[in-house]
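Asks: Line by line, the protein sequences are chains U and L.
First residue of the first sequence? That's 17 in our numbering, and the numbers climb one at a time after it.
First residue of the second sequence? That's 2 in our numbering, and the numbers climb one at a time after it.
The hints are simulated quantities; they were obtained by calculation from the structure and are not laboratory data.
Among these hints, one or two may not hold up.
Claimed, not checked - Partial selection, computed: residues in chain L whose CB lies under 8 Å from chain U:
| id | residue |
| --- | --- |
| 1 | G28 |
| 2 | T95 |
| 3 | F116 |
| 4 | V118 |
| 5 | W123 |
| 6 | R129 |
| 7 | G251 |
| 8 | V274 |
Where is the CB? At the ideal position from N, CA and C, for every residue including glycine.
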Amino acid sequence: MSAARTNADAGSRWLGLYVLAYLVFLYLPVLLIPLFSFNNSIQAAFPLQGFTLEWYRTLYGNPALSGALANSLLIGVIAASGATLCGITVSYMDLYGRSPLAATISAVARLPILIPGVIVGISLLILINLIGLGPSRVSIVLGHILVALPTTVVVMRSRFAAIPKTVREAALDLGASDWTTFRRVMLPLSAPAVLSAFMLAFLTSFDEFIVVFFLAGTEPTLPLYIWSQLRFPRSLPTVMALGTMILSVSFVIAGFAEILRHRGLGAARRNPA
Amino acid sequence: MSTIVAARPLPESRLSPGFRFAMLLPGGLVTFFLILFALGLVIFLAFRSNDGSLLGAGLTFANFVTVATDPLYWTVTLRSLVIAGLVTLATVVTAYPVAYYLAFHAGRRRNLLLFLVTLPFWTSYLLRVFAWKIVLAYNGVLNSAFIESGLWSEPTLALLNTPAAVVVTLAHAYAPFAILPIYVALDTIPKSLLEAASDLGARPFTSFRRVVLPNSMPGVLAAALVVFVPTVGDYVTPAMVGGPASTMIGTLIQSQFGKANDWPFGAALSVCVMLVIFCVVLVARGADRRFGSRT
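Isolated chain U (complex conformation) (with noise of 0.2 Å):
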């Protein structure tokens, strides 16, 4: 018994240093990025030369670089609302609309999942040709739609799940309407979900780059800009730079999203009504 216990302990050690491993290995690269953003040297190798902030400074004043900007975050917040709109819709009549259509929906919605960025993207570049849309902001929307369509709908299904449904029944009973149990009961219950839906989708469309790649017309977002730029050598400390700050408002939003999918689920769990 106690020499199995050891050995389970043992166990869980190694394995506890393989995730430890594991997490240098995803980080390690990604956290080269800031490093580099403060080098004084256009080449991004090791020995480090001098501390700078001038990469920093390029990043000021550069009208390429907020038009992208200005554009992935109005793009960001469309796009984030109507692919939470659908995901709320969708993941309710799924669950509580009983009919075959509603199914077809939610099956269908979670379906890019299953297809390639770059097939997404030529079907819609198709598609807006055809319906003499062209590329423009109006199509990056739709595409990053799409794309972030499969996350608001897991996020919100699994939270209408999660509802007792004798919440929903209880407001029914009592009289409310098919609305105002929507809009009184279940939407306020979900909130948090929402809100993270919502962000998980903006982040989604803000980093998005395969897709968008396609439907761009004049108006680049801040992935096709850093595209753009990769291709020089001298602007990739601008870059790093700039990835830098995406980097840490990722984070920042990532771990807001997080902290609000778990209070949502602890209230789930504190009052299960």
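On the provided structure of chain U, position chain L as indicated by the hints.
Replies: Leaving out everything else, chain L in the frame of chain U:
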């Protein structure tokens, strides 16, 4: 209690037509118009010949004949499958112990660790690929670190522009996709099952092989799919760290819609990729069912 509930009409039946319509509208528009109709267009275009117009002309199998007969497309398709397969294998095999630790050993640190392994996924994909480019470059981080530490006197490792660079970069990029589904599957295994196995005299490895592994297979298959699908069509990583020897099918599709300007042929290549993925999904479904029936 339950008889009282059952005696009333189900609340679901109360959904008014107006509510139903409004709630189905946004999702319906997006799924039918943006997903099904758009994919239908790709399939339609694949059977047209390129005459410079948007939807091509005529009705032809020529695109598929070219894909099937030109060795270039075979080579690239095969290479894409091999690279995507290696990425999937590497990602799932390295992710499994992490998911196992999270499910059985992490204790109070579980939520923090879960957050840490998924965090890189929310950072820019382009930047992560770029990070590997600066790690692997000839005058890059890895070679210069070895020189700095006195192990080598000059850059000796040619790492960039190899298929191996593509595999490592993609395995890094899709790691969280693999960890999460495996963790979820492992987490649903009742601990009593493991206790029963050890009470019945199974050694730890035996109970892992006969109890834990089969029960986690649905998660492993889900992870493999979520890694394989985006990988097989990727064109960014091969372009940035792969060099010409690692051209993948996504690169060819992208160039048909860009430089080559032969949309019907690009659509045909896309249809082939979708067919391959469809087959992979079917195989995964079949495997899933087999493992499902065993438990």
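Asks: Now tell me if each hint is right for this structure.
Replies: Results of checking the hints against the structure:
{"no.": "1", "hint": "G28", "in the structure": "holds, 4 Å"}
{"no.": "2", "hint": "T95", "in the structure": "holds, 7 Å"}
{"no.": "3", "hint": "F116", "in the structure": "holds, 5 Å"}
{"no.": "4", "hint": "V118", "in the structure": "holds, 7 Å"}
{"no.": "5", "hint": "W123", "in the structure": "holds, 4 Å"}
{"no.": "6", "hint": "R129", "in the structure": "holds, 6 Å"}
{"no.": "7", "hint": "G251", "in the structure": "holds, 4 Å"}
{"no.": "8", "hint": "V274", "in the structure": "holds, 6 Å"}
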